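With chain Y held as given, fit chain G onto it using these hints.
There are 2 protein chains.
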Amino acid sequence: MAKPTPLSGFPEFLPAQRHVELEVVATLARTFELHGFANVETRAVEPLDQLLRKGDTSKEVYVLRRLHEESGKDAGIGLHFDLTVPFARYVLENAGKLEFPFRRYQIQKVWRGERPQEGRFREFTQADIDIVGRDDLPFHHDVEVARVMLEALSRLAFLPGFRLQVNNRKLIQGFYAGLGISAEGIDEVMRLVDKLDKLDPAKVRALLLDEAGVSEEQADKCLALATIRTTDDSFVDEVRALGVKDDLLDEGLDELATLVRACAPLATASVRIVADLSIARGLDYYTGTVFETRLDGFESLGSICSGGRYDALASDGRTTYPGVGISLGVSRVLVPLVQRGILTSDRSVPSVVLVALTNEDARAAADATATALRARDIPCEVAPTAAKFGKQIRHAERRGIPYVWFSSAAEDGTITHEVKDIRSGNQVAADPATWQPPHQDLRPQVVTLSTDSTTEKEIL
Amino acid sequence: MAKPTPLSGFPEFLPAQRHVELEVVATLARTFELHGFANVETRAVEPLDQLLRKGDTSKEVYVLRRLHEESGKDAGIGLHFDLTVPFARYVLENAGKLEFPFRRYQIQKVWRGERPQEGRFREFTQADIDIVGRDDLPFHHDVEVARVMLEALSRLAFLPGFRLQVNNRKLIQGFYAGLGISAEGIDEVMRLVDKLDKLDPAKVRALLLDEAGVSEEQADKCLALATIRTTDDSFVDEVRALGVKDDLLDEGLDELATLVRACAPLATASVRIVADLSIARGLDYYTGTVFETRLDGFESLGSICSGGRYDALASDGRTTYPGVGISLGVSRVLVPLVQRGILTSDRSVPSVVLVALTNEDARAAADATATALRARDIPCEVAPTAAKFGKQIRHAERRGIPYVWFSSAAEDGTITHEVKDIRSGNQVAADPATWQPPHQDLRPQVVTLSTDSTTEKEIL
Numbered sequence: 001m002a003k004p005t006p007l008s009g010f011p012e013f014l015p016a017q018r019h020v021e022l023e024v025v026a027t028l029a030r031t032f033e034l035h036g037f038a039n040v041e042t043r044a045v046e047p048l049d050q051l052l053r054k055g056d057t058s059k060e061v062y063v064l065r066r067l068h069e070e071s072g073k074d075a076g077i078g079l080h081f082d083l084t085v086p087f088a089r090y091v092l093e094n095a096g097k098l099e100f101p102f103r104r105y106q107i108q109k110v111w112r113g114e115r116p117q118e119g120r121f122r123e124f125t126q127a128d129i130d131i132v133g134r135d136d137l138p139f140h141h142d143v144e145v146a147r148v149m150l151e152a153l154s155r156l157a158f159l160p161g162f163r164l165q166v167n168n169r170k171l172i173q174g175f176y177a178g179l180g181i182s183a184e185g186i187d188e189v190m191r192l193v194d195k196l197d198k199l200d201p202a203k204v205r206a207l208l209l210d211e212a213g214v215s216e217e218q219a220d221k222c223l224a225l226a227t228i229r230t231t232d233d234s235f236v237d238e239v240r241a242l243g244v245k246d247d248l249l250d251e252g253l254d255e256l257a258t259l260v261r262a263c264a265p266l267a268t269a270s271v272r273i274v275a276d277l278s279i280a281r282g283l284d285y286y287t288g289t290v291f292e293t294r295l296d297g298f299e300s301l302g303s304i305c306s307g308g309r310y311d312a313l314a315s316d317g318r319t320t321y322p323g324v325g326i327s328l329g330v331s332r333v334l335v336p337l338v339q340r341g342i343l344t345s346d347r348s349v350p351s352v353v354l355v356a357l358t359n360e361d362a363r364a365a366a367d368a369t370a371t372a373l374r375a376r377d378i379p380c381e382v383a384p385t386a387a388k389f390g391k392q393i394r395h396a397e398r399r400g401i402p403y404v405w406f407s408s409a410a411e412d413g414t415i416t417h418e419v420k421d422i423r424s425g426n427q428v429a430a431d432p433a434t435w436q437p438p439h440q441d442l443r444p445q446v447v448t449l450s451t452d453s454t455t456e457k458e459i460l
Numbered sequence: 001m002a003k004p005t006p007l008s009g010f011p012e013f014l015p016a017q018r019h020v021e022l023e024v025v026a027t028l029a030r031t032f033e034l035h036g037f038a039n040v041e042t043r044a045v046e047p048l049d050q051l052l053r054k055g056d057t058s059k060e061v062y063v064l065r066r067l068h069e070e071s072g073k074d075a076g077i078g079l080h081f082d083l084t085v086p087f088a089r090y091v092l093e094n095a096g097k098l099e100f101p102f103r104r105y106q107i108q109k110v111w112r113g114e115r116p117q118e119g120r121f122r123e124f125t126q127a128d129i130d131i132v133g134r135d136d137l138p139f140h141h142d143v144e145v146a147r148v149m150l151e152a153l154s155r156l157a158f159l160p161g162f163r164l165q166v167n168n169r170k171l172i173q174g175f176y177a178g179l180g181i182s183a184e185g186i187d188e189v190m191r192l193v194d195k196l197d198k199l200d201p202a203k204v205r206a207l208l209l210d211e212a213g214v215s216e217e218q219a220d221k222c223l224a225l226a227t228i229r230t231t232d233d234s235f236v237d238e239v240r241a242l243g244v245k246d247d248l249l250d251e252g253l254d255e256l257a258t259l260v261r262a263c264a265p266l267a268t269a270s271v272r273i274v275a276d277l278s279i280a281r282g283l284d285y286y287t288g289t290v291f292e293t294r295l296d297g298f299e300s301l302g303s304i305c306s307g308g309r310y311d312a313l314a315s316d317g318r319t320t321y322p323g324v325g326i327s328l329g330v331s332r333v334l335v336p337l338v339q340r341g342i343l344t345s346d347r348s349v350p351s352v353v354l355v356a357l358t359n360e361d362a363r364a365a366a367d368a369t370a371t372a373l374r375a376r377d378i379p380c381e382v383a384p385t386a387a388k389f390g391k392q393i394r395h396a397e398r399r400g401i402p403y404v405w406f407s408s409a410a411e412d413g414t415i416t417h418e419v420k421d422i423r424s425g426n427q428v429a430a431d432p433a434t435w436q437p438p439h440q441d442l443r444p445q446v447v448t449l450s451t452d453s454t455t456e457k458e459i460l
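Heads up: the sequence lines are chains Y and G, in that order.
If you read the first sequence in my numbering, its first letter stands for residue 1, the second for the next number, and so on.
If you read the second sequence in my numbering, its first letter stands for residue 1, the second for the next number, and so on.
Where hints are given, some of them may not hold.
Any copy will do: because identical chains look the same in the list, a pair fits if it lies in one copy or spans two.
As the list claims (entries may be wrong) - Straight-line distance between alpha carbons at most 20 Å, and here's what the computed SDA-like set of lysine to any residue pairs gives: (1) K97 / T5; (2) K109 / E41; (3) K73 / L48; (4) K391 / R134; (5) K195 / E184.
Think of the hints as simulated: they come from the structure by calculation, not from any bench.
Remember, it's a predicted structure, so these values are computed and weren't measured experimentally.
Here chain Y stands alone, though its shape is the one from the complex (with noise of 0.2 Å):
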């Protein structure tokens, strides 16, 4: 076989970098458990009429067929292209077994039918938490998703910082009925508004005032509520010098102000939160509360982290099951970062120790360290070979392994041991049953190399 090359948007790791994915998605799972989230992990496919409900045939959906299908025909099936869909999905088809409120993460890969081209991924992972009542759902849970994906966030200490941008659908939908905007224009209006982060702003007041047919002060004052951005509730005094008034606004208003003070104890150098009025999730459902985040120097990417409230994240016609979830992109962060080799990690391989060999008939007593070793928690490997030492050495220091294990027998048969740093050099008399790395060298460190120099910096 000649050899393969990548699948254009299928994005695969090598194992050190894979390390830094590891890493992520561990941390997002302890601390959404840490919040009471459980796991559940959703088929992979879904029928196709589930994937498109709602009428939206504009998915991009990977549908499947089997190959010794007589009929040509396709199962009816394709893979998800999100995780909401197989959540909405997982709680109606369990809804009797499960206890409501539900909190639960799921992070796995989604799949989207794109064609190929650069920066759009085909396969990617991605990291949900969402809370799910039966019949309705307290706001403090859209405070409380909010606060959990903050946490997370600022765990990753190794990625650039993150700027989550919230905001609520009930604010905006109020101001534009406060203006005297009619309830088919407000769809139209917040379409529009929604473009001014491609468009400058004279242009989205011309189709405003073309398209939406809204006045030139009701454009004005759309356009204004979309220019404030607060790092606290003070955004609640700006809205109000509009002078708009509504009773939905008001909700809006006390909802995001609640939402803003709850969440800014938790803001940090490095992940921030701002109330920013022009956020609306396009063509989303949400009903409430938005989400948006921005990676510090990656802006381009987009957001990669979103989410929101749905007054329907599922129906069965007799019940509705309210949601407020968000959703971070794990590969549209990670990808990026690593492929242009700003994120690795110190090693390949997860050993801490390679076990050396004076001879292969040493394998045996070389074994037996190694299960000392193990038992302690500590990975470790016995050398492939019995090559010179040399060469055992550079065997280690090609994978990143940090220290060398070397045993020799003395004629009565005592058997002496010792290890090597390798990365200082210095070899000490040592014992398998008691021996123990500094806790820093346990696992592989996640290393971050800055862009603009070659200078290293070790963080986690």
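Relative to chain Y, chain G alone:
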């Protein structure tokens, strides 16, 4: 939307069941890492020509098609049906960036485009370990993968016992050659002897005479070889007693004896190793050691953990990569045990503590209590509403949360904290900054329910 129904062949777990799977995966991963195996995750898809290489078009593959592909053509890619094909491709694609011998583990979903029918999975999880060399790979790595998997299985104490059955293709092929069976006849004899687990020996003997064209004496010796089963290296004498001489047979006997002797010390009452000279692994491309594994009491599942040695796991025409590996069918073991109610967990959420609420105004104080507990790695959640305490306790009970935390503020503002173990009813004063639950309460526990009684046995 009407209540969705499960898709045949795509098993899913409820949260308490999923916890069992998470424990299994974490235990496997930890064991593999202790032995220096690095994690790799490959994409879910491979080009169809890779999936069907070696001309084997019998595989049940799911082919992908973009929903919006106007030509109606499929995308030329399909979901992988095992983890060996993608790993072989990954090794070739990244050979220049990997260090050999390369140890990797991979725990992922695989898919097979089976017709829907009882007991056939169309999506399932496998856990593979392999060691791959460049040009050569010493035999001691065969011993290594067997020992690592035995150790991993014995750490899964909540599963039924296992029997790892080992054999060696060189032993079989050398024995047949020594009997005077032709090179072409050997594969046919191996294929027929492999039917001994389904057909009775007299029937297989008749097939050997009729289809493989061997003599009565040859057939009897082939059957005699296949009946040999020993838990130590005494199989060598039993084979020698059959009076067949051949160099390849000697090599096979020597390898298998070495493997059995090295694994025997790891055997326990529930995890056993046996040299079983009937094991051949059918049509697979193994060239030396072969493995199969039976689960005690679930022999009808067939082999739940199989593998062996390939002289050419991968090859690019210039360089050959020999490998040895073993693959555990995680879903194959867990799904029947979980679906029959034999395995579950004692709670459906990670939370150790439910922090109760006196009234909604006390939510910030309850959040502070929860934050203090989480800072010491104690998973917890705050009650969703300030219902009556009886209702809040039932909220915990239904999820299996063992502790409920109560706080009350005196008139002078001092807060009193108490924590109740709702299993025993014991309630004691506690400080959120120092209270620690017993270690076994920190994580959900896997619970086994025997099929023929209602007694629960907590393990792990």
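Results of checking the hints against the structure:
1. K97 / T5: Intra 46 Å, inter 14 Å, cutoff 20 Å: inter-copy only.
2. K109 / E41: Both. Shortest intra-copy (10 Å) and inter-copy (11 Å) distances satisfy the 20 Å Cα cut-off.
3. K73 / L48: Result: close both inside a copy and across copies, 13 Å intra and 18 Å inter.
4. K391 / R134: between (64 Å within a copy, 16 Å between copies)
5. K195 / E184: within (18 Å within a copy, 71 Å between copies)
The structure fails none of the hints (numbered hints given earlier).
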